[in-house]
Structure formats: C-alpha cells, structure tokens
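Residue numbers (this note's numbering), protein chains in the order written: chain Y, 1 to 670; chain D, 1 to 275; chain Z, 1 to 414.
Keep in mind the hints are simulated off the structure, nothing from the lab. Note that the Cβ used here is the ideal one computed from N, Cα and C, for glycine as well. Hints should not be assumed to be uniformly reliable.
[As the list claims (entries may be wrong)] List time: in silico BS3-like cross-link candidates among lysine-lysine, alpha-carbon distance up to 30 Å:
| no. | chain 1 | residue 1 | chain 2 | residue 2 |
| --- | --- | --- | --- | --- |
| 1 | Y | K224 | D | K138 |
| 2 | D | K205 | Y | K636 |
| 3 | D | K205 | Y | K231 |
| 4 | D | K138 | Y | K231 |
[To be verified] If you want a taste of the chain D side facing chain Z, the calculated C-beta under 10 Å gives, among others:
| no. | residue |
| --- | --- |
| 5 | S154 |
| 6 | I183 |
| 7 | K233 |
[Unchecked claim] Here are a few chain Y residues that sit away from chain D, every Cβ distance over 12 Å (derived from the structure):
| no. | residue |
| --- | --- |
| 8 | G50 |
| 9 | R69 |
| 10 | Q89 |
| 11 | P98 |
| 12 | K224 |
| 13 | R245 |
| 14 | A370 |
| 15 | P429 |
| 16 | D491 |
| 17 | D500 |
| 18 | G512 |
| 19 | A533 |
| 20 | E585 |
| 21 | T635 |
| 22 | G642 |
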Amino acid sequence: MKKIERRDFLKMAGGAVCGGLVGTTFSGAPFLGFQWLVEWSQDQYVPTRGEEKFANSVCHLCGSNITVRKIGQRAVKVETANSGCPLCQAMLQLLYHPERIQQPLKRVGSKGSGKFKPVTWEEAVKDVSDAITKLRSENKAQMIAAVNGAHNTVPNLLMERLVMAAGSKHVYTEPCFCNLSKSAVAATQNAEGTIDYDLENADYVISFGARLFEGWGNSARMNKVLLEWKKKNVKFVQVDTLCTRTASMADSWVPVKPGTESYLALGIAHQLIMNHGKSSNLSELSRWSGINEFSPDKVSAITGVPAEKIAEIAKEFVKYRKAVAVAGRGGQCVSSSVAEIAAVQALNALIAHLGKDGNAFIKACPSIPAGVQYDDIAKAGHNNTRVAKGLDDFIKNGEKVELLFLNESNPVFNSVYGADFVNKMKDMPMVVAFGTLINDSAKYADYIFPTLTIMEVPTAQGNAVAAPRYTSKHGGDIILDIARKTEKVKDAFPWTGVRDVAAIVRDGQTRGVGNFSISTDLLKKHFTELKKAMEESAQEYPLVMIPFEIPFVGDGRSLAFPYVLKGLGHETYSAERLYVQMNPETAREQGVSDGSNIYISSKRGEIGKVKVLLTKTVAPGVIAMPMGFGHAALTKYGSEKGVNPREIMNNAIDAESGTADWWYTRVKLS
Amino acid sequence: MTTMKRLWGMSIDLDKCTGCGACQISCMQENNMPIFEDDSDIPKRVTFMDLMRVTNDYQGDKKYGEVQIAYVPKMCQQCSGNNPDPNKAVPPCVSVCPAVATDVSDDGVVSQIWSRCIGCRYCQAACPYEARVFNWWKPKYETDFKNSLNPDVSVASRGTVVKCTFCSHIWKRERDKMIAQGITDINQVQYTPACVSACPTGAMKFGDLRDPNSPVYEQKLKNDPRAVRLLHKIDNADPAEQQRRMKIKNYPNPKVYYLTSKQWLRDILSGFQNS
Amino acid sequence: MKFIEFLKDEFNSYSRKSQIALYVLFAIVALFGIFAIQVLFWGLGYTDMNNNFAWGVWIIGDLGLVALGGGAFFTGFFLYIFRVDKLEPIINSTVLLGWMCYLFTLVLLLFDVGQPLRAWFGFAYPNWGPHLMPISMLTEVFWCLSLYFCILCVELVPIVLKQRLLDRYPVVHAIGHYMHKLMWTMAAAGTFLSFFHQGSLGGGMWGVLYAKAQWFRPHFFFLAVVAATAGGTSFMMLIPWIAGKIMKKEVVPKETFYTLAKISGVMFIFYTSFRIYDIYSMAVKYVPAVDRSFMDLWGGLYGIWMLALELILCFVPITMYLVKKFREQEKTLVTGFIAGVSAILVSKMNVLLHGFSVPNFPWRGFTTYNPTIQEWFVFLGCIAIMTLIYMWFVKYTPLFPHLHHSEHASEGHE
C-alpha cells in the first residue's frame, strides 16, 4: 500500500472540508437551523384550531342580537353588524379578561388596600345574608342600600326587590338620562317613566347638547335613527358648545356659550309664544312674566346665538309637522338639570306635539309584575327610610347605612362625590360589590361577587356562547341565592333561577301623556342657580370646563379593554398623557401652546397633568375635557390613565333629581 | 379551473360615519392585534386601522362656529399602480420588498406573509398611506386573552411588518366552505371583511369593483361626485391629462373610495392644497 | 497569562494620548455590546424609529458608509484601470476603508432589519423580475453589497498577508504577490458591482418610491453613484490625513493627495450640477406630479437652510480641490476634505431623515426623530470599532507603503 504523503493528506483533508461545507450549505441545513433558531428564540404563540361554530347572545346594553364565532370552545369574534354599541364589540375582551374575578373575594387588608382572598360561594352568600338578617333583627333594615348600574337589567330589578323586601328604600341608580328624565317627568307630567323621544318618526330635530350619535341613549337604536334620517332627509339642528361629530353631522350646528342651552330653549319658547301664537298650549309659561327675560336680544347676549338664528329656529320648529326638541346634554354620561329637560320639553308642549308621532313619549320602567308581601320589619324599615332624591344626594346628605350593594356600578368613578363615597364606604361595616372586574368602587368592598358577561348568559332561545368562566354566576342568581338564604326575605323570591324572572319581566310600555305643565318656580330657581354658577368666582376661574366623550370610551368602563385603548387617536390619549382641547385663542391668553402640560383646578381641587390640544372645535374660554379616563382601579389596562374630571367638576346638586349637574364647571389653569 | 373575476374594493361613506370605532375593534379582534399594558405610543402602535379625526381647520383659517370635524377610517388602500389589472399591478410597497413577503393577489388584494418578512421596513417607507405597521415589540397576549385569538390569522413575530389584507383569510374561509358544498367556482364566493361587517351605520361597503351589481361598482364610483380617493388628486384631472401624467410615473390607484357630500372633506382627502 | 501580559505590553506601547483615546473607544465598544444585545434580543422598540419614521440614524450610517466607502471602488478604478500610478501610496488605506465601510454597513443593516435571523431570505427569496432584473432595489443592494464585500475581502488579503509575521513564509508572500498582480480584475468587478449598489442603496431605493413626493425621481440612482465618487474620494483623503496628523508623519505623499483631490474636485462639479438639476427637476416636475408643492416639503426655514447648507458644502471642495493655490495649502485642502464628506452626509440626511419627517396627509404636521441612546451607541460603536481596526492596520501592516519606503530610506530597519 502506498504511503500517503503529508501533502496529499492535507489536500484530501482540505477537499473534504470544502466539500462538506458546500454540501451542508446546499443541503439547506444551515437555513433550517436559522429557521429553527427564529422559532425557538421568538417562541410565538400559535392559536389552537378547532371546529368552527356560531352562537348567539343578546347585549344587555343595546339589546342587539349578536352572533359570535367560535373555534372549539373559544369565542373568537363578535360577528354582529348594526350595533355600534361599545359593549358588544369589546365583549370578548371582557369575557377573556385576564383580571376577571375568578371566585368570590373577601377583603383581607384595610379597606381600599385591594387585598382580597378567595372564599367559597357558600361562605360569602351566608355572610351577606347573615348581615341582612342581623340588621333586620336589630330594626336597622333601613340601613341597607344598593347602587345599581345605569341600565335596566334584571339584576337591577332583583336588587331593588331584595333591598325593599329586606326593609329599605335606599335603591339608587347611577346618574343617566333615564334617571334625570324620570325626575323631569315626575315634575312636569306627574307620571312615572322616562322620556322617550320618537326620533325615528321626527322630521325636524333640535338637540340641546344631546350628542345623539356619540353614545347618547341606545347606540344601536341611534345608529338606525341616523340612517332613517338620511333616508328621509330629516332636518337636524345641534345646539352645543363643542363641535362634536354629532354637531358636524347635523344640518346646522348652533354654537352656544357653555351651559346656556336652557336659555336658548326658553328663547325659542318666547318666540313660539310671542310670534307663532302658541301661547294657549302652555298657559303657565305664556302667562309667566319672567318669559320676557328671554326675548331674542337678551338670549342672544347670553347664549351667543344671533337673535335672527333664534327666530329662524322657532319658525322652523313650528313649520315642520313632526318637530321635536331633545334634551339631555352629553353622550353616555348625561348631565342636565331637571329644569333644563323640562324647558326643552316645554318646546314640544308648546307646539302641542307631546305624545304624538315623532315627538316625546313617556316610557314606563321595566318591572317584575309579581307583588311583594312586606313583613312588619320591612314595613317599619320603609317608614324609617329617609329616601334621597338621587345618588349624589344620597352620598352627600343621605343617612348612614351599614350594608351596601354595588350592583355592577362604580359610583366612586361615576359620581362627582366619588371621594365622599369612598369615605362613606370606609365607615360601612359591609359593602358587597357585584361585577366582572374590580373597579374604583369595588376596591373598597368587603365582598366581591364575580358576575357573568353577556357571553356566558344563555339567551331565551338557547345556550350561552361560552361556559361561565371560573366560578362566576349571573348577578340575578347571586341575588336570588342571597335572598333564599335570608329568612322572610326569601318569600319575595319564589323563583329557582334568573331565567324564570327574565321570562316574566314586563318591559316598559311607551305611552303619550298630555297634561304637561312646567312650574315657573322651577325655572326661576334654575336660572338663578345657573347665573350664580356662571358668575361666581368668574374672576378667579376664568375658564369653563365642558365634558365630551370619545365613543367607545364613553363613561369609562371600556377603558379596561385594551382594544379600546388601542383605538384612541393622538388627539385623545398619547404617550401616556390625556389631551384636553382648547381654542388657540384661549391658549394664547393663558400662555400655553399645543402639547403644553397643564394642571386644571376648580374650587374643588386640581387635576393633572394633562396635555393641551389646540382646536377650534372648542369655544374660546372653554376647556373640552374627555370623560371616562383616570380610573384609580380598573385592571392594569384602565388604571391611572389620564385624569377623572369628576373630581373637580361642579357638584351643586339639582334639587329635583338629587343628581349633581356637573356640565358647567368654572376652572383655571394652575 | 375558473379565472378570477373579482377585484375587491371598498367604499366608505363618511357622511354616515359617526367615528364610533366599531370597525377598529372588530379588525383588532379578527386580526389578533397584540395587547400591551400601555399602547399609547401611537407611532409604534400595531393596528391595521386608523380612525383619523380631521377638521376643516387644518390650515388654521376657520373660526369657531365654522369648524367641522369628520372621522376617516383608514386601512391599507390596496393600491395597484397605474394598471388595475392584478397581474400587472405595481403597488408602491410590493415592488420594493426584497424577500417577496408582500405581493398582489389575483383579486387585487395586497397580501403580506408575516413569516416571510425580514423586517426591513422598506415597504413602510414606500407606503403613502401609513398603512403598514411594524412589530416594534414582541406581540403579547396575556394569559386568558389568548382564548380569543383567531386561528385563521397567524400571530406575527417581533420585527415584522404586518398590514390589512381586506381580511382575505375570511374569503379563503368562505371559499373552503363553498368547496365543501361542492361549489368550486371561486367567483361565486362573496365575503365581508371584519371592519365592514361591524360598521353599525353601513357606512362601509365592500364588494367587487368590476361587478355592476356590487355596492362598490367602480364605474359608478368613478362618476360619483361624492367619491374621492385618498391623496389621489389625479382623479380630478381630465383623461388626457391623466394619461400624460401616468406616462411620467405610477400613481397608487387605490381600491378604497371615500364618499362625502362635504366639499372641504373631499378637498382634504384628495391631497395637499398647495400644488 | 501570557496573553494578558502581551495585551498589557501592547497597550503600554502606545503614547499617553493614544491610551486615553483607546479608553474612550473601548468604552464606546463596551456600550455598543450592551445595547446591541438589548436591541437584538428585545426588538427595535428601543429605538425612536416608528411606523412613520421607518428608518433613522442607522440608515444614515449605512448610506454614509457606503457612499464614502464607494471612494474605494473609484480610487481602485483609477489606479488599476486608468493606471494613475500616483494613487498607489493611498490604495491600501482605501481598500481597508472600503472594506470596513461595507462591513459596518452590513452590520448596521443587520441591526436595522427586524428579523436579522431571516436576513438570508434576501438571497433565498429574492424579488427578481423577468430577465433576472431585480424588482426590489433592496434585493439588488443585498446581492451587490455582499458580493462587493467579498471582493473587498479578497482585495484586503494581500495587505494582511504583508503583515510582518506572515510575510516571512514564502508561500504567503507568493500568494500576496500574485493576488496583487490580479487586483485589476477585482477592481473591475468591484467597480461594476459598486456602481449598481451605490446607485440602489444611495439613491435608487428612494427614487423608486413613486408614491412619495419627497423621494420619487427616476434619475436618483445615478445621482447617488456620482455622489459616491465625489464624496468617497474626499473621505479616502481625509482619513489618511488624520492618521498622518496623529502619527506626525507623512503617510501619503502630497502628490497623491493632489491627484486624488483633482479627481474628486471634478467629480464634485459633476455631482453639484447633477444635484442642482435634481432639485430643479423635483421642484418643477416630480413634486407637482404628486400634487404637492416643493416648498411645502421642507417644513419651513429649517429644511430650506439644510438644503442651502448642502449646496454650500458642495461648492467648498470644488474651490479647494481645483484652485491650485488652495489645493497646495494644507489648511484649505483639509477644509475641502471635511466639506466634501459633510456635503454627502448632509445630503443623505436631507433626503432620508427629512424625507421621513414629511407628512403624508394634509392634516398632519412634520414629525421629529430623536435617536435613543441605543441607536447612538450602536452607531458610534461601529465607528469606534472601525477606528480600532484602522489603528491596528496602521501599526501592523504596510497600510502606507510610502511610510515604509521613507523609513527604510532613512533608518534602514525599524
């Protein structure tokens, strides 16, 4: 055998190495390696596959039927159209929210510390029912109270029933247009129910600050109304201080000075009475000497609307056959005094359209038809309850309570008396919150009961979209559980489950009620107070803060949904800062510019830091303030983002509704 | 084998758009948008759809009282360049991709393969509509949020560009369903992208630009005095001038039409005023 | 241990001032390492680039380095093809600079892409069109850049082989010698490749973005080639001059500088005229075609001044290089070097960074971009490493043959 020379060996080795390298390269192995490295180093989640199914649900906020696409057991998409309701679209994010409460929670730390421990349902329900029994046995039944969320849901009705059956009348609902208009209906028409505008059939609509297409009322309905109007060419006039999208969609936007919507309403009323012979329709207003204070010139000076424009609106209002004036300033959050709603309603009364096609109706609230036999303790409790007019009145002036239910509500955030409410809750021996997420108010609760989302609630026709997450239960079922565990009280709840109740709940009937009368005292008081609010400390607080809403953020509960946050534009919330809007003229006077950081203070306190966005959609002298931001607690997505203007908003309580009219707040930059 | 007749397009009636944002949320849910604890760094945000608030005061010449605002939902405009024929289309972004991660499908939709993208962002530079987004951070879906992920849309890696594809995965889904029923003619399949199906006022319409029965029939839209295409002033020129200019260069020629009766909005959408 | 001793000795062999410089450079490199890991492992979120401002300081680094490194192909082209032998003393430094510029262009590009592990997709799935013409300018950049980098590596080999320790082996010496003889083929191939990617990366990439008013110009490709020849040659003179200043020796004969300065000056005339035509054509033809106004693209006085500065900087080297009086005075000549290099860098910034800040929608304003600390240190780190490599080559290889010739002449050995 020939000996291999060293040189040959080197050659062969070199050749082998080169060949090996080339071969490896062309085999693709290194590239596969790279690909493997990509997958390994980036570890990207792959959603699991499964059979595609569709399931149905009903939104409790807008009433829309929604279809949900499912992959296996997972709900992956809300496939609904024509809803436009903030809750429907974002529902999956509530359903699968990582911070959903998994089990009943009992407070372990001090109140508000946010420290809870999970307990069993039996234990929690027993504790609460024991507390009711104890209060009743001590003749303190009137010390039970409940705050319901602002929607007519079955749990709200059951909660009211529970509190009443236990012996208290302290049932309040978070402020909303329903509440306010209920008080207005009580004050002007001596009836029970809420104002229901027949917007679908109107041919002329003038809205006094109601941002009809930005969350006002039932969004699903309002979107259909919009299409109807487009089809029928309905004339739509928007009265507003800010140029919102609703104002831009209107045929005519009437800019008014902040807070003066009710002046304009009476200005138009003055025209209807004086120039259009409508005096006989509302005699107490026609005979009122004070109406002369609302001549076009005077109103023009106050509202900034030209006298001719006022005359023109009055003329049109009479001319159209189905004209309607809409009250209720705001979007999802509404703030108007009862007198203002009444003043606007007076316009509908003046043209004698109330209760007619295309105008305003009264809608009864839904109710559970079965009556309750109250026992002696309950009756005594009812007699002892000093019912407040509304939630804000209850927080500010209400008597002490020892057991409070927060039923899907968040008064700490939604009331201008949030801080007072915190203090009140700190003094209460027991606060029970119902909800899916821990919010600003539930943080102070002693017990938190996890409730279901609409995705987990079976519809009347069939199954729920998804099985209840964790151990959550329907709010109605929880109330039934509590009631059934409580002696005597349980007699008022003869049902096995919430489905039985839902089946018998009577929806509110709509009816037209005539006999509209407006008390001139109410008006006098309103304008005196309004004037005071406008003039008081105008020197020290030269600016006015007027709220507005971002659709889908609305009153702020949607801030827990990351996809809602992701949709916010740079004119709203950017780089961890909330933007307030200001006219460039105001900014110049105040020495701030686009993007400046500012703090805003009213006589109640200071909020900040927020950034300035200059836009001429805002009247000079006004700061337009987005609502819904600044949660102290609403999951890690919604907490501490922006500021909550309710902390410094006007907190004068409207005597009729017991709700603070916070629309108009004098502020300054500090 | 049937030839593709579809050319998907969209029209958005801004007069009906309330700016509610349902389209955005629907899009995010359908397309598995990442979820971050704080997503307020807007220029780095990953979302296919931008709801832009525009006012007629963008030049600062309006007064309070005259100002109007509108919302403009903007997604990928599915450009085609001068020639709308998908086989000859040159969208600004497709020709620049070094790795063929983005392409024009035969239905005119500009597609993007997340896993092919090397993240060079050349297409972002090329896009005049800011429609392409880059995953600056690794997409995150905290625990339970993973449940609502759509298996039809793959979760993108960090460092890749993603974009709206007119939800063409839904089309594929619908096609598969039809094939399961024995219908193989692709032109019989219709579909609706997530944003359009979520629009509560029906402001967004989707369909075949070539089909006279579709709500977005192109010949009709082109003659609609309310229609305008984003940053596409050349549409206003007369045909001879259009021909002359298209010899100089390509124009994006997008497949999304905006409809509005407001002149100021048409002006601002069609492009810059000082030319 | 021996190795550490060696490093110590090595470090101590430098002067005090050089040691301070080395400390600074090493510190930058260390920070580069830290931030590089951060960016590569956790993503580009740490940069100030965003969806509208898709590229930032790194792309300026890429474009600057490629354009300036382009001086290597142009100098090589003149030396090996046109046989301008006066350029011989500077060619080694030129090749090294070219090699480093391209290496770090690749490095910066790797940082810039979101998926560096997939960078090979550019080769595996190139965007070729019919007739094997690349459709994407970036595909062309990928191929030309990597191929030309290979050529530069080959060109660099003889210089490395001339390193004293290696040069002792006859085999190595022979290889080095023959490679040197064959260098004209490499120069020719390099010129060919460099021509394309100079055009594509420097200009064509932007010129083809037809939907962007600030970029679309069909001739932009060629402008970038001319820019590289003009600015690159200035850079090739600037660096050896700085080296000479630091070493306090004449590393390159004056005549070489003068020759190259003349070439560079002529190229600057071409470049400046081309750029003026470019701006003119933009203003009257291409920007109006996209329905925008030229003046609006500059975002007010700041942008206009940047443009004016660029043009002023272009005229400086023309004057300094081509007027004999200025050329033969060191101060004015160096002003020319610096202005020439700056002209190219400012031009890249005007085109790119400014281009990204231009709003796409009428209701948007100009955007700003402030590189983050990560971006700065990755960028500066590359420059620092380049400096260190250059220092090593100056010390251990015959980077400046002229220096050795004169040393041999005066001192004989060492």
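The hints, checked one at a time:
1. Y:K224 x D:K138: Violated - the C-alpha atoms of K138 (chain D) and K224 (chain Y) are around 40 Å apart, more than 30 Å.
2. D:K205 x Y:K636: violated (36 Å)
3. D:K205 x Y:K231: holds (17 Å)
4. D:K138 x Y:K231: Roughly 47 Å between the alpha carbons, so the hint for K138 (chain D) and K231 (chain Y) is violated.
5. S154: violated (15 Å)
6. I183: With Cβ-Cβ at 34 Å, over 10 Å, it is violated.
7. K233: holds (4 Å)
8. G50: violated (8 Å)
9. R69: violated (8 Å)
10. Q89: violated (4 Å)
11. P98: violated (5 Å)
12. K224: With a cut-off of 12 Å, K224 (chain Y) comes too close to chain D, as the shortest Cβ separation is near 8 Å.
13. R245: Violated, since 5 Å does not exceed 12 Å.
14. A370: Given that every Cβ of chain D is farther than 12 Å from that of A370 (chain Y), nearest at about 37 Å, it holds.
15. P429: Per Cβ check, P429 (chain Y) is outside 12 Å of chain D; nearest 34 Å; holds.
16. D491: holds (40 Å)
17. D500: Check passes; 31 Å lies beyond 12 Å.
18. G512: holds (29 Å)
19. A533: holds (22 Å)
20. E585: violated (8 Å)
21. T635: violated (10 Å)
22. G642: Per Cβ check, G642 (chain Y) is inside 12 Å of chain D; nearest 10 Å; violated.
When the structure is compared with the earlier hints, violations turn up for hints 1, 2, 4, 5, 6, 8, 9, 10, 11, 12, 13, 20, 21 and 22 and for no others.
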